[in-house]
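Chemist: Take a look at the letters that make up each chain.
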Amino acid sequence: MDLENQARIKELAEKYGNEDLIVVLGGAEAEASGLAAETVSKGDPTFAGPLAGVSLGLKAYHMFELKDEVDPDVYEDQVSMMEMVLDMDAIIEEVKKYRE
Amino acid sequence: MLKGKKVAILGDRDGIPGPAIEECVKSAGAEVVFSTTECFV
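Protein chains in written order, with the working numbering: chain D, 1 to 100; chain B, 101 to 141.
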């Protein structure tokens, strides 16, 4: 995960707390999405960025997991095409792991 | 889950980009506090 974005997420977590703030991912791959979810919950596993060793405890969801909460027309326009292109099940399974 | 929450968006250029996620979470009643589109690769 981009180091600048790690810094921004850290600031936001400090400002809003991990109850009010959630992270929504749009990752194209399971591995990269899982890595981002891990970084914002448990800390940066690569120990490269500001979240190295920092466990923010934020919950991360992939956009695919939130389909039921979104206006169906908006979802259809913005996301549904990617459901056909990406490995949705693998992505969801990977991201979910870091909320347990 | 989204309603009334603050949301930080990490979109992906090759997946779902930030602006598309913004539209979605706003329609669900969440407030976007940060949005970016990364290139994960």
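One or more hints might be untrue.
As the list claims (entries may be wrong) - For the chain B half of the interface with chain D, some residues (derived, Cβ under 7 Å), not all of them: (1) L102; (2) K105; (3) V107; (4) A108; (5) G111; (6) D112; (7) G115; (8) A120; (9) V125; (10) A128; (11) V133.
What the hints assert, rightly or not - Derived lysine-lysine pairs resembling DSBU-like cross-links, with alpha carbons at most 30 Å apart: (12) D/K42 - B/K106; (13) D/K42 - B/K105; (14) D/K67 - B/K106; (15) D/K96 - B/K105; (16) B/K106 - D/K97; (17) D/K67 - B/K126; (18) B/K103 - D/K67; (19) D/K10 - B/K105; (20) B/K105 - D/K67; (21) B/K103 - D/K97; (22) B/K126 - D/K97; (23) B/K126 - D/K59.
What the hints assert, rightly or not - Only some residues are given here: those of chain D computed to face chain B with a beta carbon under 10 Å: (24) E4; (25) A28; (26) K42; (27) V54.
By construction, these hints were calculated from the structure, which means they are not laboratory data.
For every residue, glycine included, the Cβ atom is placed at its ideal position computed from N, Cα and C.
Chemist: Please go over all the hints and tell whether each is borne out by the structure.
Modeler: Going through the hints against the structure:
1. Hint status for B/L102: holds, given a least beta-carbon distance of 5 Å to chain D, under 7 Å.
2. The interface hint given for B/K105 holds, since its Cβ lies 5 Å from the closest Cβ of chain D, which is under the 7 Å cut-off.
3. Hint on B/V107 holds. Least Cβ distance to chain D is approximately 5 Å, under the 7 Å limit.
4. Taking 7 Å as the C-beta cut-off, the interface hint given for B/A108 holds, the closest approach to chain D being about 5 Å.
5. The beta carbon of B/G111 is positioned within 7 Å of a beta carbon in chain D (closest approach about 4 Å), and the interface hint is therefore held.
6. For the restraint placing B/D112 at the interface with chain D, the shortest Cβ-Cβ distance is roughly 5 Å, inside the 7 Å limit, so the hint holds.
7. Residue-level restraint check for B/G115 holds (minimum Cβ-Cβ distance to chain D is 3 Å; threshold 7 Å).
8. For B/A120, the interface hint holds, the least distance from its beta-carbon to any beta-carbon of chain D being 4 Å, beneath 7 Å.
9. Below 7 Å, beta-carbon pairs count as interface contacts, and B/V125 has one with chain D at about 6 Å; its hint therefore holds.
10. Evaluation of the B/A128 hint against chain D yields a held restraint, the C-beta minimum of about 4 Å falling below 7 Å.
11. Hint status for B/V133: holds, given a least beta-carbon distance of 6 Å to chain D, under 7 Å.
12. A distance of roughly 19 Å separates the Cα atoms of D/K42 and B/K106; the hinted pair therefore holds under the 30 Å criterion.
13. Between D/K42 and B/K105 the alpha-carbon distance is near 21 Å, which keeps this suggested pair within the 30 Å criterion.
14. Between D/K67 and B/K106 the CA atoms are separated by roughly 17 Å; this keeps the pair inside 30 Å, and the hint holds.
15. A threshold of 30 Å between alpha carbons decides the hint, and for D/K96 with B/K105 the separation of about 19 Å falls inside it, so the pair holds.
16. Proximity of B/K106 to D/K97 is assessed by CA-CA distance (about 22 Å); at most 30 Å being required, the pair is judged to hold.
17. In summary, the hint linking D/K67 to B/K126 is supported, as the alpha carbons are separated by about 13 Å, within the 30 Å threshold.
18. Restraint check: the Cα-Cα separation between B/K103 and D/K67 comes to about 13 Å, which is no more than 30 Å; the hinted pair holds.
19. Between D/K10 and B/K105 the alpha-carbon distance is near 17 Å, which keeps this suggested pair within the 30 Å criterion.
20. Note on B/K105 and D/K67: the hinted pairing holds, with a Cα-Cα distance of about 16 Å set against a maximum of 30 Å.
21. At roughly 23 Å between alpha-carbon atoms, B/K103 and D/K97 fall within 30 Å of each other, so this suggested pair holds.
22. Taking the CA atoms of B/K126 and D/K97, the gap is about 26 Å. The hint holds against a cut of 30 Å.
23. Taking the CA atoms of B/K126 and D/K59, the gap is about 18 Å. The hint holds against a cut of 30 Å.
24. Because the closest C-beta pair between D/E4 and chain B is about 9 Å apart, less than 10 Å, the hint holds.
25. The interface hint given for D/A28 holds, since its Cβ lies 3 Å from the closest Cβ of chain B, which is under the 10 Å cut-off.
26. Because the beta carbon of D/K42 sits about 16 Å from the nearest beta carbon in chain B, more than 10 Å, this interface hint is broken.
27. A distance limit of 10 Å between C-beta atoms decides the matter here; for D/V54 the minimum to chain B is near 15 Å, and the interface restraint is violated.
When the structure is compared with the earlier hints, violations turn up for hints 26 and 27 and for no others.
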